[in-house]
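Residue numbers (the working numbering), protein chains in the order written: chain A, 1 to 464; chain B, 1 to 62; chain C, 1 to 475.
Quick caveat, the hints were computed from the structure, so don't treat them as lab data. Because the structure is a prediction, the values reported are computed rather than measured.
With a cut-off of at most 30 angstroms between alpha-carbon atoms, the simulated DSSO-like pairs for lysine-lysine come out as follows: (1) C:Lys100 <-> B:Lys45; (2) A:Lys66 <-> A:Lys246; (3) A:Lys325 <-> B:Lys7; (4) B:Lys45 <-> A:Lys400; (5) B:Lys45 <-> A:Lys394; (6) B:Lys45 <-> A:Lys297; (7) A:Lys391 <-> B:Lys7.
Now the stretches of chain C that chain A is said to cover, found in silico as 3 or more residues with beta-carbon under 8 angstroms: (8) 306-320; (9) 352-359.
By construction, the Cβ of each residue, glycine as well, lies at the ideal position given by its N, Cα and C atoms.
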Amino acid sequence: MDPTLLTIADAAKLISKKKLSPVELVSACIAKTEKLEPTLNAYVTFTPDLALKAAKVAESEVMAGKVRSPMHGIPVGLKDIYDTAGTRTTGHSRLLKDRIPTEDAFTVAKLRESGAVITGKLGTFEFAIGGPSFDILSPPARNPWDPTRMTGGSSSGSGAAVAAGMVLGATGSDTGGSIRSPSSLCGLAGIKPTYGLLSRRGILPLSQTLDHAGPMCWTVEDAAIMLQGMAGYDALDPAAANVVVKDYTGQIGASVKGKTIGIIRHFYEEDHVAAPSVVAAMETAIDVFKSLGCIVKEITLPPLMDFAATGLIIMSSEAFSIHEKDLQATPELYGEIGRDRIMMGGLLTGGDYVQAMRQRRELCVAVADAMLGVDCLFTASSPFPAPEIDKVPKWLMYQKPSITMPFNVTGQPAMTVCAGYEEGSGLPLAFQLVGNAFDEPTLFQLGAAYEAVTSWRSVRPSLA
Amino acid sequence: MSEAISKEAFQALIDRAGLTLTPPQFDELRIAYGYLQAMRERVRKPRGYDAEPAHIFKPAER
Amino acid sequence: MSKTNIHDLTIAEAAPLIAAKKLSPVELTATYLKRIEAFDGALNAFIKVLPEAAMASARKAEAAIMKGEYKGPLHGVPIALKDIYNTKGIATTGHSALYKDHVPAEDAVTTALLAEAGTILLGKLSTWEFAIGGTSFDLPWPPAKNPWNPAHDPAGSSSGSGAAIGASLAMGTMGTDTGGSIRGPAAWCGIAGLKPTYGYVSRRGILPLSFSLDHGGPMCWTSEDCALMMDVLAKYDPIDPGSADVTKADFAASVKKDVKGLKIGVVRHFFEKDAEIDPEIKAGIEASLATFKDLGCEIIDVTIAPLSAYADVAALISRSEAFAFHEETLKASPELYGELARQRIMMGAFIRASDYVNALRERGVLIAQIAKVFETVDILVTPTMPTPAPKLGELGNMLSRARPSFTRPFNVTGSPALSICPGFTASGLPLNMQLIGRPFQDDLVLRLGSAFEKATAFRDTRPAQWAMPSSIAAE
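So here's chain A without its partners, still in its complex pose:
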């Protein structure tokens, strides 16, 4: 058995039965990282010594009969925009290459409390927007399914590390799709939870209105377990919602018969025409849900470009307000892609931003109306499988609307689930399940039911 390819759920069972030692598990992940990192560039800062130390503590706690949670002793990587006390947090940018926070981000502290073992800081698009870039602090992460391909972004290192079994889970952040895009392209389960569920305090911001933290794992159940470890009300995050943290794994395994799923076909068939392999995978997945007893109906939402324009204007405006001084003073410390994308926000007016915020409310109402009578929505997650790493147009998201951005605009929970592999290339394909606010349990229930009757989770990339 290769412990690095265990799910969190399985590893947790073995750990709690003292059949798997956290030290053994973490050591195996470290060994795998040392082997694959030169190819995959998943890490900005790898901290094996700290990880081993934490694993030893976890081991002695478990041996003493004190199991904190299913995350106890599980090796987890952090996107390098999550602050870590004493370990540099750079945003993958030369601008912050020596920045060492004195405090953990709220969610990082939560993960440590749950017993998770932090292995280090994972690569990202620069400041979660600029990438894949070769002119930033370190080279961009590569896709374990094919290292000539990109991982998707911005949580790129998180996508690569989890797919390759360098860690069992990783944190990502999602402002326009940055958890779901790499989850799609690397074949993972990744969830952007409801806006306000997870604290963003101590995470480098890109756009306060749209930023979300979330977990990326190999399976849906693992994502539920890890979300449980990150959730909790943070009074100091002004966007935090003071809601009861639900039991995210509780509904997993329950029958999904009779659940109604609204299919948003126009997103990937008309508004942003997806690759034929993606469209075909969507049909197959819909059939799987039907065979599980789900009721499927077609839903029409406003055009994707309305969501994209709203989201990009809000994101660009807020990103520029954060980076303005540094872009004026030291533009050369940014990579070209991040610099140019953020600079665009400087060309917008207050009126543009206000109009986008007004349109945002209209879009929220439109989606809420469409969700009446359905339990969740279904659409594609990425319009294409992983492209070659040096062939990603800089202005793609301006030209072709993102299929993930709509749910940053509305704040609803949205989860990416692997829908199989493209014939020939073997690259992962994926769909999104989108729920009502704070109804993550239903997404996990449906996603896990899908994974249980498909075989995709037993296939790992050759580089794992």
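Mind docking chains B and C on chain A? Use the hints.
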């Protein structure tokens, strides 16, 4: 898409943003601005005076 | 009761008489309509008077009361609305040529609440155009004038609301306040005007200027009357995205309570360092502090952010939002705007998105800071306006930065803020003072205002030139 913004008008926007661009960067961003223009138009749907944003300031929720 | 004229009664004084069937809503309404007809030509407080409709609702109110169906302290009370409050079937113009034929299909939430409470709507009041452009002389209606001296400015934007109360042309009016538009006219017209806590009173159906800073609120002769209005106005509106779901205070009861032991913080740096004020205004504040002390309050000096910090944040937010609302019509028909509204709203076109975003972020900082100060005091005191009312036309096209505003900070923080009249200048114009409280403690602010008004004699003086006997039949 709307017509490309003139070099002069674009320079004024860059100046107002307080940015310094290299000539190739200037040319590229000027083209990219066209995409942004289209989005600025797209968020300007006809709407009533009472159309407000979804999330606004509430003093009780500090 | 020493008063002999109906129109000198406050709402609090008239209500028990109406309830006891000693004062007829019909007679009361007829008195006010007569006064409007006699005096409004000199004041321009009204854009539209509704004599028939008012008399009809007065008769209805009277019949209901005679049947024993008394609704409460506002039943039968004649009021008027700033002409940006939507009134079903009645033009709501925003004092603008652009909206002169705008006839809403629905009442504003507050319009409906006041009607349900049994008030009598006398008419629609002058405002600065769209609550921003004034004092203007190039609009379809002339600007309102100051009731204490019509050669002077009543302030804006709720100019008609202030003038109507000052000259006893209504017992209560509604204003709106985005940067001081209730409190400024309350100050210069010598009345009480409350900008409630943001979210306490619904704004749905009121023409917006800047949704983040807009507030609707009452303007009356006394703080106690404002409290009676608030008992009707403060109601959660789930459709107003800024409305707060809070338990309403019992304003009528709260306003009568003792103020002994209240801690009052004087924001002295506002008027001694950050901006200059007229010496008579300053003397009025100092004298008022002595009165508060006599009432058993404790007075200390406090420091909050400098005036300019609030002014910049408020200007960036309000201009951006106002431009967003008016952009299309400003491009299509700029000629339908008066010069001042056009110029002020167009300023929004020059604000960058990041400036707006940063202003919203800075606002959070300012709110946190004032909350800290309110851990040590119950009420803040500042002037409302730096000077008494200038001559009409002198306000002109001043840039807002050149004119320090003591009112805007509390639109930024959302705090309840009340302007009251603590006396008069040597030339007989009202002095002013502002009382500010914690969020949703509007009742406490009104309590202090009312205690002050009852402990002093300033509420006994009404402007002399609008005399027209209207005897109280019951006395």
